[in-house]
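Asks: For reference, the chains in residue letters:
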Amino acid sequence: VPSAKILLVDDEEIVRITLEAYLEDEGYIIISANSGEEALERLTGENVKVGIIDMRLPGIDGNTLIAKLNKLHPEMKFIIHTGSMGYALPESLKSLGITNEMVFKKPMKSMSLFVEAIKKLMSDVK
Amino acid sequence: VSISPIMNQNTFKKVGDLILELPLDSEFVDQIRNIIRAEIFIYSNEKGIGTTMLNENGERLFPDIFDLVNEGGRIVFNNEEYILGHFEIKDFNDKKIGKVIVGYNISGILKTKNLDVRSLLFVFSTVFALVIFVSVIIGKWLAKPLKTLSESADSISKGNFNVKIGVTSKDEIGNLTRIFNSMAESLKNQKKDMQKMQLYLKNMIDSMPSVLIGVDKNGKVTQWNVEAEKKSGIIPEDAIGRRIGDIFPQFASQLEKFRLSIKEKIPQKMEKIIEKIDNELRYNDIVIYPLISNGVEGAVIRMDDVTTRIRIEDMMVQTEKMMSVGGLAAGMAHEINNPLGGILLGVQNILRRVSPEFKVNREKADELGVDLDDIFRYMEKQKIIYFLEVIQRSGERASDIVTNMLNFSRKSEAKFVKSDIPLIIDKTIELATNDYDLKKKYDFRHIKITKEFEKGIPLIPCAENELQQVLLNLLKNAVHAINSEEHKSGDQEIIIRLFRDGRSGVIEVEDNGPGMDRETAKRVFEPFFTTKEIGIGTGLGLSVSYFIITNIHHGVMYVESTPGRGTKFIIKLPLKER
Numbered sequence: 021v022p023s024a025k026i027l028l029v030d031d032e033e034i035v036r037i038t039l040e041a042y043l044e045d046e047g048y049i050i051i052s053a054n055s056g057e058e059a060l061e062r063l064t065g066e067n068v069k070v071g072i073i074d075m076r077l078p079g080i081d082g083n084t085l086i087a088k089l090n091k092l093h094p095e096m097k098f099i100i101h102t103g104s105m106g107y108a109l110p111e112s113l114k115s116l117g118i119t120n121e122m123v124f125k126k127p128m129k130s131m132s133l134f135v136e137a138i139k140k141l142m143s144d145v146k
Numbered sequence: 035v036s037i038s039p040i041m042n043q044n045t046f047k048k049v050g051d052l053i054l055e056l057p058l059d060s061e062f063v064d065q066i067r068n069i070i071r072a073e074i075f076i077y078s079n080e081k082g083i084g085t086t087m088l089n090e091n092g093e094r095l096f097p098d099i100f101d102l103v104n105e106g107g108r109i110v111f112n113n114e115e116y117i118l119g120h121f122e123i124k125d126f127n128d129k130k131i132g133k134v135i136v137g138y139n140i141s142g143i144l145k146t147k148n149l150d151v152r153s154l155l156f157v158f159s160t161v162f163a164l165v166i167f168v169s170v171i172i173g174k175w176l177a178k179p180l181k182t183l184s185e186s187a188d189s190i191s192k193g194n195f196n197v198k199i200g201v202t203s204k205d206e207i208g209n210l211t212r213i214f215n216s217m218a219e220s221l222k223n224q225k226k227d228m229q230k231m232q233l234y235l236k237n238m239i240d241s242m243p244s245v246l247i248g249v250d251k252n253g254k255v256t257q258w259n260v261e262a263e264k265k266s267g268i269i270p271e272d273a274i275g276r277r278i279g280d281i282f283p284q285f286a287s288q289l290e291k292f293r294l295s296i297k298e299k300i301p302q303k304m305e306k307i308i309e310k311i312d313n314e315l316r317y318n319d320i321v322i323y324p325l326i327s328n329g330v331e332g333a334v335i336r337m338d339d340v341t342t343r344i345r346i347e348d349m350m351v352q353t354e355k356m357m358s359v360g361g362l363a364a365g366m367a368h369e370i371n372n373p374l375g376g377i378l379l380g381v382q383n384i385l386r387r388v389s390p391e392f393k394v395n396r397e398k399a400d401e402l403g404v405d406l407d408d409i410f411r412y413m414e415k416q417k418i419i420y421f422l423e424v425i426q427r428s429g430e431r432a433s434d435i436v437t438n439m440l441n442f443s444r445k446s447e448a449k450f451v452k453s454d455i456p457l458i459i460d461k462t463i464e465l466a467t468n469d470y471d472l473k474k475k476y477d478f479r480h481i482k483i484t485k486e487f488e489k490g491i492p493l494i495p496c497a498e499n500e501l502q503q504v505l506l507n508l509l510k511n512a513v514h515a516i517n518s519e520e521h522k523s524g525d526q527e528i529i530i531r532l533f534r535d536g537r538s539g540v541i542e543v544e545d546n547g548p549g550m551d552r553e554t555a556k557r558v559f560e561p562f563f564t565t566k567e568i569g570i571g572t573g574l575g576l577s578v579s580y581f582i583i584t585n586i587h588h589g590v591m592y593v594e595s596t597p598g599r600g601t602k603f604i605i606k607l608p609l610k611e612r
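These protein sequences, in sequence, are chains A and B. Here the first sequence stands for residues 21 to 146, numbered as in the working numbering. Here the second sequence stands for residues 35 to 612, numbered as in the working numbering.
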């Protein structure tokens with residue numbers, strides 16, 4: 021889906037820049053934020069299909085952010101990008117339809133699976 | 035008086051006497067006089083002890099006749115004439131201890147008749163008969179029961195408690211006999227109890243898991259329990275009487291401590307005394323307890339093999355160390371993952387953005403008026419692409435290390451399945467022989483892999499992939515070990531065992547490589563500890579294996595190694611899931 025919008029939230033600048041570059045090459049438009057608060061602010065009036073969310077964030081954490089985003093944009097899909105190796109999906113996120121295939125652990129060795137996941141979510145969005 | 039000693043059969047100490055007393059006094063001889071109507075005198079040596087003769091005042095009279103006892107001797111007391119006869123009293127050793135003299139009053143005969151040959155003959159034969167009669171009576175009353183008693187006491191003192199004397203008379207001797215019999219009976223029971231107690235004590239001492247040795251003050255063995263026999267291979271009969279230092283050389287250097295301990299009556303403790311058995315170091319704790327009761331000089335030595343305890347202590351220190359490493363690693367890993375992510379994502383971006391194959395790249399290059407193909411050729415020529423790939427691989431390797439380190443603290447969500455361990459081992463061997471890195475370096479045809487699997491091993495719950503990772507790691511290590519410089523030329527053998535030990539399934543991977551010294555063996559599970567050349571292995575394989583077994587499987591993993599002989603890794607997995 022050309023020029024579909026993706027939200028990218030990560031407090032680590034280098035992660036944001038590199039992911040941004042890769043996804044731009046794939047043809048997406050990236051809205052990036054370094055915190056949950058910033059993300060909520062920047063998303064007003066935007067039609068974003070997919071959010072790539074880091075879990076450990078300054079301010080509100082990834083779980084809370086997703087819950088809030090889900091209320092504001094019920095059609096939005098999520099990918100979790102975390103540095104916690106032992107991360108397990110909490111029930112609250114599972115109930116939103118997020119599956120383990122949408123959980124990516126840092127560092128990402130290969131981007132191809134990641135891009136595939138995004139494409140799958142995009143096609144799910146009506 | 036008859037005295038017979040009563041001995042303790044085991045200590046050979048006298049514990050008492052059996053005393054039989056029959057007074058051969060005047061009252062005794064009076065009884066005989068009532069029967070035979072003749073005077074009787076009893077002398078112990080030359081002293082009179084019993085007499086039937088009374089003087090005018092009715093007092094007992096002991097005439098001085100000890101020497102006048104030739105048969106037929108005549109003597110006058112109180113104006114009456116007597117003919118004397120006698121017999122000797124002998125003790126059981128046939129020693130003469132006294133005399134019994136019988137005096138027959140012949141005054142009546144002398145008064146009524148003249149002494150002719152016939153009457154003389156009558157007198158002599160009467161005296162002779164009387165003497166015999168008296169001796170028989172005394173013999174019956176005294177000598178016979180006394181002798182029987184004495185013989186029985188003797189027999190008892192030699193440990194035969196089944197002696198009984200037939201009770202033949204109802205008098206005092208008969209009474210005594212009954213007392214004697216009951217005494218013998220009680221002695222017999224006491225001895226039985228004592229033997230029982232002795233057996234019980236021996237059993238106790240033999241049941242102890244410690245070596246227990248009794249020594250006298252010169253260090254000679256007096257007691258030797260079953261453990262001592264097991265440890266030394268010397269039976270008690272051969273050990274008793276020998277010097278302890280000759281049997282256990284490790285004591286030889288401690289003899290001064292023995293002496294001191296016995297002299298001062300203070301226990302001495304020596305810890306972790308090293309002993310070498312078949313090239314293996316074993317550790318013993320030795321305690322010397324001096325015997326404290328008076329009059330006995332010596333000591334009891336207790337020796338315990340504490341090798342297992344010391345190894346467990348080592349292992350516990352190890353575990354603690356590893357756990358703290360685990361905690362540290364977990365915290366560190368999170369911090370490292372982000373920059374690693376930057377590196378890995380950055381490289382992927384660069385490689386993609388210089389690739390002439392992407393339309394976007396061509397468009398951007400055209401905008402700037404440069405030829406993307408030229409740029410790519412230049413980068414290839416200058417090995418820039420190669421360097422980028424090196425950066426990528428290095429980043430991936432660092433990422434693997436971090437992932438492994440995180441396993442230290444992570445309670446894995448690994449899936450537990452009841453698994454066929456022999457099958458997993460077979461698969462792992464297959465994997466190892468096909469492992470590219472190993473195949474490149476070593477020839478598996480030269481390595482003999484022996485499997486010793488016990489039959490009927492039940493399915494064991496485990497995380498198959500993780501267990502396979504551990505086994506593969508052990509196999510690779512074994513292959514490296516038997517191909518090390520020190521060992522290359524020898525026979526190369528790896529033995530994999532599987533057996534059941536109580537509630538655990540045990541897997542052993544043993545190689546006959548160069549082995550390790552204790553210091554190295556102590557550190558093999560430490561993260562980043564490696565004996566391999568730089569570049570081979572990360573130094574994490576065994577520490578990760580250790581965590582997979584102990585943390586994820588709640589099992590046990592340890593190593594046994596002997597320099598020059600080889601190394602054995604042991605894994606114990608609980609048969610039941612916790």
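These aren't lab readings, by the way, just hints derived from the structure by calculation. Don't take each hint at face value.
[What the hints assert, rightly or not] Partial selection, computed: residues in chain A whose CB lies under 10 angstroms from chain B:
1. SER52
2. ASN54
3. SER55
4. GLY103
5. MET122
6. LYS126
7. PRO127
8. MET131
9. LYS140
[As the list claims (entries may be wrong)] Far from chain B, some chain A residues (derived; all Cβ distances over 12 angstroms):
10. LEU39
11. GLU57
12. ARG62
13. ASN83
14. HIS93
15. SER112
16. SER115
17. LEU141
We put the beta carbon where it would ideally sit given N, CA and C, even for glycine.
Asks: With reference to the structure, classify each hint as holding or not holding.
Replies: Taking the hints in turn, this is what the structure says about them:
1. SER52: Hint violated; SER52/A Cβ to chain B Cβ min 14 angstroms, cut 10 angstroms.
2. ASN54: violated, 13 angstroms
3. SER55: SER55/A check fails; min Cβ-Cβ to chain B is 15 angstroms, beyond 10 angstroms.
4. GLY103: Holds. Min distance 4 angstroms.
5. MET122: violated, 17 angstroms
6. LYS126: holds, 4 angstroms
7. PRO127: holds, 4 angstroms
8. MET131: Given a least distance of 5 angstroms, the restraint on MET131/A holds.
9. LYS140: violated, 20 angstroms
10. LEU39: At roughly 6 angstroms from the nearest Cβ of chain B, LEU39/A sits no farther out than 12 angstroms, so the non-interface label is violated.
11. GLU57: GLU57/A clear of chain B: closest Cβ-Cβ about 20 angstroms, beyond 12 angstroms.
12. ARG62: holds, 22 angstroms
13. ASN83: holds, 17 angstroms
14. HIS93: The assertion about HIS93/A holds, with a minimum of 26 angstroms to chain B.
15. SER112: Holds, since 19 angstroms exceeds 12 angstroms.
16. SER115: It holds; SER115/A is separated from chain B by about 20 angstroms at its closest Cβ, greater than 12 angstroms.
17. LEU141: Correct as stated: the minimum Cβ-Cβ distance to chain B is 20 angstroms, above 12 angstroms.
Violated hints for the displayed structure, listed by number in ascending order: 1, 2, 3, 5, 9, 10.
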